[in-house]
Structures are given as structure tokens and as C-alpha cells.
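Q: Sequences and hints are given; from them, build the entire structure.
Same order as they appear, the protein sequences are chains A and B.
Going by numbering that gives the first Met the number 0, the first sequence opens with residue 0, and the numbers climb by one from there.
Going by numbering that gives the first Met the number 0, the second sequence opens with residue 0, and the numbers climb by one from there.
By construction, these hints were calculated from the structure, which means they are not laboratory data.
Backbone N, C-alpha and C define an ideal beta-carbon position, used for all residues, glycine too.
Treat each hint with caution, since some may be false.
As the list claims (entries may be wrong) - Distance ranges between label pairs, derived from CB positions: (1) A:R165 - B:R262: 57 to 63 Å; (2) A:N187 - B:F95: 23 to 29 Å; (3) A:R165 - B:D167: 50 to 56 Å; (4) B:E29 - A:P147: 37 to 43 Å; (5) B:Q109 - A:E14: 17 to 23 Å.
As the list claims (entries may be wrong) - Computed list of lysine-lysine pairs in DSS-like fashion (alpha-carbon distance at most 27 Å, straight line): (6) A:K25 - A:K232; (7) A:K2 - A:K79; (8) A:K79 - A:K232; (9) A:K188 - B:K188; (10) B:K259 - B:K81; (11) A:K18 - B:K188; (12) B:K81 - A:K188; (13) A:K232 - A:K81; (14) A:K2 - A:K40.
Number of protein chains: 2
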Amino acid sequence: MIKVGVIGSDNEAMEILLKRAKSEIKEAIEFIRFDGENIEKQALAAAHEADIGELDILMKGIVPTRTVLRAVLSEEFSLKEKKLLSHVAIIHLPTFERTFLITDPGMNIQPSIEELKIIIENAIDLAINMGIETPKVALLSAAENENPNMPSAVNAFELTDYYSDREDAIIYGPLSLDLALSKDSVENKRFKGPVAGEADIVVVPTIDAGNILYKALQLFAEVEIGGLVLGAKIPIIIPSRSDSTDSKLFALRNAIHQVKGKR
Amino acid sequence: MIKVGVIGSDNEAMEILLKRAKSEIKEAIEFIRFDGENIEKQALAAAHEADIGELDILMKGIVPTRTVLRAVLSEEFSLKEKKLLSHVAIIHLPTFERTFLITDPGMNIQPSIEELKIIIENAIDLAINMGIETPKVALLSAAENENPNMPSAVNAFELTDYYSDREDAIIYGPLSLDLALSKDSVENKRFKGPVAGEADIVVVPTIDAGNILYKALQLFAEVEIGGLVLGAKIPIIIPSRSDSTDSKLFALRNAIHQVKGKR
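A: See below:
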């Protein structure tokens, strides 16, 4: 049984989602609903249940994201497991038969190199729990080679070097989006190097870059998108207002993978 | 007659382009080709011709971008008309029947607010020359409302305020990509405000964000893309290595619009 706490479930969109989740997801799920006028209090109650091990997943319903995150980060609890919480968007492109993660398009504005390391490790953990062996991680930048004036390229070089001995994942950059995701581009540009066109995880240098990529995929590609917050004791699903019910279900399925991977 | 200087034209891809341009573009074009072993010297010769008014457009062939820009920016010439050169990608989405500009995805890494003003004005000039009356300019950010911790949002607020009296263009932000380009998103999110879903120009906060958006459109949408460098005496076409011949032709057509708009 997977126990999912839902903060702010008392509305039509969430009713539809919970009903579909019950019938379409094969794992047995129990939804514990946190509704009421004082939503801050409800969020704290949900965080408390998560903290004492009574929940496997936390899901944001129709409440502000900051209400959920404030409760999760409250000093009353020790829900924060890693030094940093980070956001991962899980992207499935049915026409390309391809799934990959984008991080961090939702929480960390302009992560430092130390913060990027935690962001990368959170995403690698998720990818491995999703069944991806030796995830390939692309460190995105506008530069494809060394450019001392471009912070994203400088960080990518430093991170590639830092992770060069790592065996359970391949981390490489700077790479442009096309060299990260498209084998055609890799061929056309005669690019030789790791990750080339096969990224399982794309790491964006700033929240702006990530958010723009996320929205471009929603607008221009046929796509299922799910969002998870990682680094807490349990996965936290933070759907964006523009996500469809399908995308929310997709996020829930991925959170369940994450829970089962950890067990 | 439009005189186009081409730096590095001596190769198959450029031969195909020049031939197609001659037959498919209705304006009479003369190509002046700058080829030779010492390409730096050729680039300087082209910049000289441009400087003395002998060229209407400069186009990069198969040579490094920095070779072209170094020649253009050389102190020997006074080709730089504005305080800053900036890059504009011209995007045409045939399936959405829509054309818009992205700036600056190619030259300015992390523009300051004063640099953003020149970038914005360069793009407004181009849009007006392309026949867009009162261009709508979206200042992109991951934030859709005030967030003092997010530089892109802070800049967008300041620029919106700065341009609030402007009459030949509407400048507004912070806006997420979907609120800039999609009327459906505007409706779903019940967003009320200027530009809403109808941006003619999207201004990205960093080169990384712009480059990722550009590449996402190339990878995931049916698209024609052209790139121009603005702010010099004449438009400079800097195709990216991943651009198709169609995209290069599209860029050339837009540069011709720009030249005719200025005459």
C-alpha cells in the first residue's frame, strides 16, 4: 500500500485525478486528504504525518507551492534529508519514445556549483530508481566548448572533471540542448564525446532556462510531464498549474517508482 | 539591387544556398564572395566594404562566428552603430501561422539592464521593419510575479516600468514562455495583462535560456529559424551550424526586409 498525502484536494480537478489514479494505477494507493480552511495548518499536519513515516508521497493540490514547501522545510520536522531540495521535471515524449529528466526548472534560481552537485545527485538517484542503469547526465550551456566568460560553461567543465571517476552515472558538459538530446545533431556537428544525444538527465544552469525548456516542451511537443521535489524523506509532487491530469498521473506513477526503488 | 557579402562561401552548402537565393528570392541580389586561405583577412576585407557602404548585408559562411564578429568590431571601421551588437532569432512556426523574434540567444551572455534596453530596441527596430505595427515584447522569466530573489523578474519589472510610456511598442514582464506565446495558457491561468499570448518579441534573460529555447524549437517544433546580428550599420546574418538551407534563406529574406525598411 502506497500512502499519498494530498494537500488541498477539495476541488474538482483533484477529485478527477484521485478517481483516475485509483482505477488506472496498478499499485494499491490510499489517499490521505488534508483539506480545511486553514491550509497552512493542513500543510503542517501533512508534513507531520510524512515526518513520522505515515506517508510515502506528498502531493500538492490546489494550494500555493510555497505553502507546501514552507511546511516541508519547517524546523519542527526533519523532513529535509539532503542539504538541498531540488525540482525534477520528468518528460516523456511518446513520438520520440523517450523519457528524460530536467533539473532544476522549479526551485533553485541560480544554483552554485556545490548546489548543482546536490541537484545532480538527487536526479541520478531518481533515474536509477526509475530503472535507468548508468544515467547519462548532460550539463547544458549555450557554449559547446570552453568559454571563460560563460558561467554555465565554466561550471559544466568543473563538474565534468569532478565526476570523471564516477561509475554509476556519466556526467558531461558543456553541451547544447541538441547535442544532449538529438543523435542527428551529434552526427551533423560531428560531435565526439560522452552523453552525445542520449541524455537521461539534462541539468539546466538556471531556473529561467529550465522553466523556458519545460514550457517549450508543453507548447510545442506532444509530451507527458511530471514534477517531483527531491531531497526530502519522501518524494513531493508539485504539479504546475499548466499540467494536465495525464501529466499529474504520470508524476504520481514516477513518485511511486521512487518509493518502491528506495524500499 | 541588394549587395550581400559572404565570408567563407567556397563550399557546397553555401553554393546550394546562393543558387537557391538567386532563384527563389524576388529581390535582385548580388553576392560578393570573400574566400581565400587567410579567412581573417577576407573577413576584414568584407568589413571594409561594408564600412564604406558597398554592402547591404553581411553573411557568415563556413567560418567561425568570432572571425566575422572580430572583423565587424575592429577599430579600423565604424561599423558598430549602436552601443551593443545583439543577436535576434527569427522564428516562423508554419503550423501555428506565427512569426516571432527571440533575443538575445547568441551574443550577450548575461546582459545588464542597460544592455537589455539596447537588445530590446534593436529587436523592436527589426520587428517594425518586418511590418509588425506596435510590436508586443515579452520579458521572459520563470517567475510570473514579483520575486526579489530572481534577477530576471526584478529586471523585467524595472524594464516594464521604464517603457510604460512608450507608444510604438508594448513591453511587459515578467512573463513565462506560455503566457508570452499561448492564448490557451493565458485563458487557463486567467492571466490579465498586456502582451498575453501575443508576443512578437520574447526577450530572454540569459544566452543559456535563449539558446535552449532556440534549440528546443528546432528539435520539437516544425520551424523556420533565421539569425541576425543587429546594431551594426548593416544586418549581419550568422547562421548556426544546425540551421537548414531553408532557415538560412529565411534569414536572408528577413535581412532584406530590414535593409528595405531602413531605406
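Q: State for each hint whether it applies.
A: How the hints compare with the structure:
1. A:R165 - B:R262: 57 to 63 Å: Distance hint for R165 of chain A, R262 of chain B holds at roughly 59 Å.
2. A:N187 - B:F95: 23 to 29 Å: 26 Å, holds
3. A:R165 - B:D167: 50 to 56 Å: About 54 Å separates the Cβ atoms of R165 of chain A and D167 of chain B, which means 50 to 56 Å holds.
4. B:E29 - A:P147: 37 to 43 Å: 40 Å, holds
5. B:Q109 - A:E14: 17 to 23 Å: Given range 17 to 23 Å: violated, Cβ gap about 45 Å.
6. A:K25 - A:K232: OK: K25 of chain A and K232 of chain A at ~24 Å, within 27 Å.
7. A:K2 - A:K79: 19 Å, holds
8. A:K79 - A:K232: Roughly 6 Å between the alpha carbons, so the hint for K79 of chain A and K232 of chain A holds.
9. A:K188 - B:K188: Between K188 of chain A and K188 of chain B the Cα gap is close to 40 Å, so the pair fails against 27 Å, i.e. violated.
10. B:K259 - B:K81: Given pair K259 of chain B, K81 of chain B holds - Cα atoms ~19 Å apart, limit 27 Å.
11. A:K18 - B:K188: The hint holds at about 24 Å.
12. B:K81 - A:K188: Roughly 33 Å between the alpha carbons, so the hint for K81 of chain B and K188 of chain A is violated.
13. A:K232 - A:K81: Status holds; Cα separation ~8 Å.
14. A:K2 - A:K40: Judged against 27 Å, a Cα distance of about 20 Å means the pair holds.
Checked against the numbered hints listed earlier, the structure breaks hints 5, 9, 12; every other hint is satisfied.
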